[in-house]
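Residue numbers (numbering that gives the first Met the number 0), protein chains in the order written: chain S, 0 to 245; chain Y, 0 to 109.
No lab work stands behind these hints: they were computed from the structure. Among the hints, erroneous ones may be present.
[Unchecked claim] With a Cα cut of at most 25 Å, we get these calculated DSS-like pairs of lysine-lysine: (1) Y:K45 <-> S:K149; (2) S:K27 <-> Y:K45; (3) Y:K105 <-> S:K43; (4) S:K222 <-> S:K76; (5) S:K213 <-> S:K76; (6) Y:K105 <-> Y:K17; (7) Y:K17 <-> S:K27; (8) S:K231 <-> S:K212; (9) Y:K45 <-> S:K43; (10) S:K149 <-> S:K1; (11) S:K1 <-> S:K76; (12) S:K1 <-> Y:K19; (13) S:K43 <-> S:K67; (14) Y:K105 <-> S:K57; (15) Y:K45 <-> S:K1; (16) Y:K17 <-> S:K222.
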Amino acid sequence: MKEFRIIMGMPVTLDIVGSDVPESIFEKVFLYFRSIEERFSVYKETSEITKINHGIIKEKDYSEDMRKVFALCEETKNLSDGYFDIRSPGGFLDPSGLVKGWAIYNAAEILKADGFENFYINVGSDIEARGTNTDGEPWKIGIRNPFNEKEIVKVVNVNGRGVATSGNQARGKHIYDPSQKNAPADEIASITIIGPNAYEADRFATPAFAMGKKGIDFIEGLKGFEGYSIDKNGIAMMTSGIEQYL
Amino acid sequence: MPMMTPAQNAPSMPMMGKYKNGTYTGNAVAQYYGDVQVQAVISGGKLVDVLFLQYPNHGNSSEVNAYALPILRSEAITAQSANIDAVSGASETSPAFIASLSSALKQALI
Chain S
0 MKEFRIIMGM
10 PVTLDIVGSD
20 VPESIFEKVF
30 LYFRSIEERF
40 SVYKETSEIT
50 KINHGIIKEK
60 DYSEDMRKVF
70 ALCEETKNLS
80 DGYFDIRSPG
90 GFLDPSGLVK
100 GWAIYNAAEI
110 LKADGFENFY
120 INVGSDIEAR
130 GTNTDGEPWK
140 IGIRNPFNEK
150 EIVKVVNVNG
160 RGVATSGNQA
170 RGKHIYDPSQ
180 KNAPADEIAS
190 ITIIGPNAYE
200 ADRFATPAFA
210 MGKKGIDFIE
220 GLKGFEGYSI
230 DKNGIAMMTS
240 GIEQYL
Chain Y
0 MPMMTPAQNA
10 PSMPMMGKYK
20 NGTYTGNAVA
30 QYYGDVQVQA
40 VISGGKLVDV
50 LFLQYPNHGN
60 SSEVNAYALP
70 ILRSEAITAQ
80 SANIDAVSGA
90 SETSPAFIAS
100 LSSALKQALI
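Turn these sequences into a full structure, and let the hints guide you.
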């Protein structure tokens, strides 16, 4: 059974295999995403992150979730040689590049705790897929052509993995190479990461994209991760272990 | 959560409203690479699908270029026709996507 909502300004799809899946579990997961939006949305005047950016909430009053996310952001910054940085040139903090994947992973754990094994969650094209699809096969995830919305250019088959894509169309002007603060990374059109879960895939998609052509080498060097990057000329480069998903 | 600078106004999305069944076309919204325009499909009072009518199509995907990292495999991308369960791509978090979908949903509001 599949349900679809718009939350955090993005399409959210939850597909749980089975014909008798209770509506309450869908509502539970969508409610969780709404709570994340309430806390972390940089759009909402009332969110905790906005209040932090406006100096209304001081560090000693940060919520536990906010502390956890900031710590994970700091760790990811260190693991990516500074390419993952939630501080914008204007000084505002925006942990969106990590929160989405983290929330998807947490939602998958909610489903697991309730006994669901075969499902996928797709939030704005970042996906966690567990178990198998309705045909009993690994979930088939298409990688979208960054130059043509209607085309799929690669299919990866995953079970118990996260898939996340970072690209120019969505975030190009907002991902910066820290060594060239004013130049958006533009030699790569998109990079898709397959990782142990949505959180891991999503948090490395952002810095890998910012690294430009070196991003795929960065992913090659990360154990447990594979990547498929597409440059501005439509040439894809892939990590050596991606074969297992093709 | 889409990434936007604080200077840009966040488009308001009528997320929880009641919708009339039908298909509604959003505004074409300019973004970095060109226009994005989506169509919202409402069935049973719920948003059930979002279709892309216009999407920036820049670059030449058939062009083969010589530079590729020596140790990693490379290929020219080609359209696949396989059945898939879900799609991963970068476009669904773009401000233009949200703005176009928002304008489509406003038309659908009861």
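**Report entry** Restraint check for Y:K105 with S:K43, where alpha carbons must lie at most 25 Å apart
**Finding:** holds (19 Å)
Query raised in the report: Are S:K1 and Y:K19 close enough, with their CA atoms no more than 25 Å apart?
Result: Within the cut-off at roughly 21 Å; holds.
Query raised in the report: If you draw a straight line from the CA of Y:K17 to the CA of S:K222, is it 25 Å or shorter?
Result: violated (47 Å)
Query raised in the report: Taken at face value, is the distance from the CA of Y:K45 to the CA of S:K27 at most 25 Å?
Result: It holds: about 18 Å lies between the C-alpha atoms, which stays within 25 Å.
Query raised in the report: Straight-line Cα separation of Y:K45 and S:K1 no greater than 25 Å?
Result: Within the cut-off at roughly 13 Å; holds.
Report task. Verify the proposed pairing of Y:K45 with S:K43, using a straight-line Cα cut of 25 Å. Result -> Given that 25 Å is the threshold and the Cα spacing comes to 24 Å, the pair holds.
Query raised in the report: Does the alpha-carbon distance linking S:K149 and S:K1 stay inside the 25 Å limit?
Result: holds (21 Å)
Query raised in the report: Would the pair S:K43 and S:K67 pass a check requiring their Cα atoms to be no farther apart than 25 Å?
Result: holds (20 Å)
Query raised in the report: Keeping to a limit of 25 Å between CA atoms, is the pair of S:K231 and S:K212 held or broken?
Result: Given pair S:K231, S:K212 holds - Cα atoms ~10 Å apart, limit 25 Å.
Requested in this report: Take the C-alpha atoms of S:K1 and S:K76, compute the straight-line distance between them, and say whether it is at most 25 Å.
Outcome: violated (35 Å)
Query raised in the report: Is the Cα-Cα distance between S:K222 and S:K76 25 Å or less?
Result: Distance ~17 Å between S:K222 and S:K76 Cα, so the pair holds.
Query raised in the report: Under the criterion that the straight-line Cα-Cα distance not exceed 25 Å, is the pair Y:K45, S:K149 satisfied?
Result: Status holds; Cα separation ~23 Å.
Hints 11, 14, 16 from the earlier list are contradicted by this structure; the remaining hints agree with it.
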